[in-house]
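Engineer: Residue numbers (the working numbering), protein chains in the order written: chain G, 90 to 356; chain B, 218 to 410.
Hints were generated in silico from the structure; no laboratory data involved.
The beta-carbon is built from N, C-alpha and C at its ideal position, and this holds for glycine as well.
You may find that some hints are simply not true.
What the hints assert, rightly or not - Straight-line C-alpha distance at most 25 Å; calculated DSS-like pairs for lysine-lysine:
1) G/K279 with G/K201
2) G/K201 with G/K293
3) G/K201 with G/K317
4) B/K325 with G/K354
5) B/K325 with G/K317
6) G/K348 with G/K317
7) G/K159 with G/K212
8) B/K325 with G/K293
9) G/K192 with G/K148
As the list claims (entries may be wrong) - Across the chosen pairs, the derived CB separations fall in these ranges:
10) G/K212 with B/T237: 44 to 50 Å
11) B/P334 with G/K192: 56 to 62 Å
12) G/V309 with B/W358: 47 to 53 Å
13) G/P333 with B/P334: 30 to 36 Å
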Amino acid sequence: INAALPNQEPIHSDITPYKIVTSYNNFYEFGYNKDDPQANSSQFMPFPWQVEIAGEVAKPGHYHLDDLLKGMTLQERIYRLRCVEAWSMVIPWIGFPLSALLKRFEPTSRAKYVKFTTVLRPKQMPAQDSAFSSIDWPYVEGLRMDEAMHPLTLMAVGLYGKDLPNQSGAPFRLVVPWKYGFKSIKSIVKIELVEQQPLNTWQKIAPNEYGFYANVNPQVDHPRWSQKEERRLPSGLFHPNIIPTQMFNGYAEVASLYKGMDLHKNF
Amino acid sequence: MPILVRRLLIFILGCWPASTLVWGAVQQNLGGDPAQYILLQTGFWALRFLLISLAVTPLARLAKQRWLMVHRRMLGLFALFYGILHLLSYYQFILGGNLERLVSETIKRPYILVGAPALLILILLGVTSTRGWMRRLGRHWQQLHRLVYLALILAWIHLYWQVRSSYFDAVLYGAIGLVLLSFRARNYLIKRI
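One chain only, chain G, in its complex shape (with noise of 0.2 Å):
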């Protein structure tokens, strides 16, 4: 972590104090509420971590985690997240690009899609063990093989430059900027190439509210919230930081990648 490469990009808006990326978020697996994450994490052992490579691949297998992170260059990427529950962050990650590991496991022409799993430990992850949850864990994301393949696309195991905190998706996970924030699946032990579309936790939950695409999209409107400005926290209370949301979170370069597609049909 230490010797990640710095950003080199220039930063344009103010990044989200540390305490409260750490503080504030969703972790459905240590709980419902956004400081259950942090305040239920402390059992979690991130450490040693397997990662299980999977499907159309040439070279499926269980790997260690220091063994994939081998010959990674590490980097340092500072990305705005968009939560779609219309507040959001800038992080700087620590990680690598997915494109680098996916390639390295050469995947066959059959693959389509990537899905991702997160870690099923119930005696770490109180809320895997509710009998109120709505969710049926493990939780599943995925993305499309270009989506992924895409270099903004990135695998983190840190950040503020230090490894991810447990309540952060510790010791691994994605980062897809321009995608709401539940499509950055946390603390992945599986990673599977796929050819049918897989079908990710939420939209399993309520087809109607979230889609497999997920991009941030202020002209497709959420039946809970409306997705035409976000606060970015920190944000005051009588002065609220009030922005409008920008198409593809403002990483206009994706663009291409849904060329011809109704972005309103495929949310």
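We have chain G; now place chain B onto it with these hints.
Structural biologist: Below, chain B without anything else, positioned relative to chain G:
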């Protein structure tokens, strides 16, 4: 304990959640998003005081503690107080005081659309909670104040429609509400028979 002392105690207890929120905001220890925290807490306290005020009559009857009845009004008014704080914090802290958005969000979001009449009922009942209005309305007063049951049901739907990953709160508050409402239903049926 003299009635005035009891009243004062309930008043202090009722103000306690609001004061901790104000103090927390001043000290900046309400977490990463104080606006969301205050919104959530005022909403829950409105619902809690609604349930507490609805628990007074069954408690007074079953435990034969008639003195409790005197305090029902103040507890109900605290439900109204936190309901108004809930609306104001949404309007100012979340929407930045944008009235146009308050109107459009209320119309567009079903969970807000059911919350709004719940608060309107509480306002109506709060205004007519005085002795003067009791006298003026006579036997209609009680009929009017039965709207509180509707307010409770709407407030619960407002909570239920916001469930994302856990049904815990909806089940907990729903179960308490159901017990309190079934007490009324039972009495109503006994009278009819």
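Engineer: Checking one constraint from the list: CA of G/K348 to CA of G/K317, max 25 Å. Satisfied?
Structural biologist: The hint holds at about 22 Å.
Engineer: Is the Cα-Cα distance between B/K325 and G/K293 25 Å or less?
Structural biologist: The hint holds at about 24 Å.
Engineer: Using the C-beta atoms of G/K212 and B/T237, is the stated range 44 to 50 Å upheld?
Structural biologist: 34 Å, violated
Engineer: Holds or violated: are the alpha carbons of G/K201 and G/K293 at most 25 Å from each other?
Structural biologist: Holds - the C-alpha atoms of G/K293 and G/K201 are around 20 Å apart, at most 25 Å.
Engineer: Mind checking the alpha carbons of G/K192 and G/K148 for me, to see if they're no more than 25 Å apart?
Structural biologist: 10 Å, holds
Engineer: For a C-alpha distance cap of 25 Å, please report whether G/K279 and G/K201 respect it.
Structural biologist: Within the cut-off at roughly 16 Å; holds.
Engineer: Can you let me know if the beta-carbon spacing of G/P333 and B/P334 is within 30 to 36 Å?
Structural biologist: 31 Å, holds
Engineer: With a cut-off of 25 Å on the C-alpha distance, tell me whether G/K201 and G/K317 pass.
Structural biologist: With Cα atoms ~32 Å apart, G/K201 and G/K317 exceed 25 Å; violated.
Engineer: Compare the distance between the alpha carbons of B/K325 and G/K317 with 25 Å, and conclude whether the hinted pair is satisfied.
Structural biologist: Measuring from Cα to Cα gives roughly 14 Å; hence the hint holds.
Engineer: Given the hint that B/K325 pairs with G/K354, does the C-alpha gap stay at or below 25 Å?
Structural biologist: 19 Å, holds
Engineer: Straight-line Cα separation of G/K159 and G/K212 no greater than 25 Å?
Structural biologist: 30 Å, violated
Engineer: Evaluate the given range 56 to 62 Å for the C-beta pair formed by B/P334 and G/K192.
Structural biologist: 57 Å, holds
Hints 3, 7 and 10 from the earlier list are contradicted by this structure; the remaining hints agree with it.
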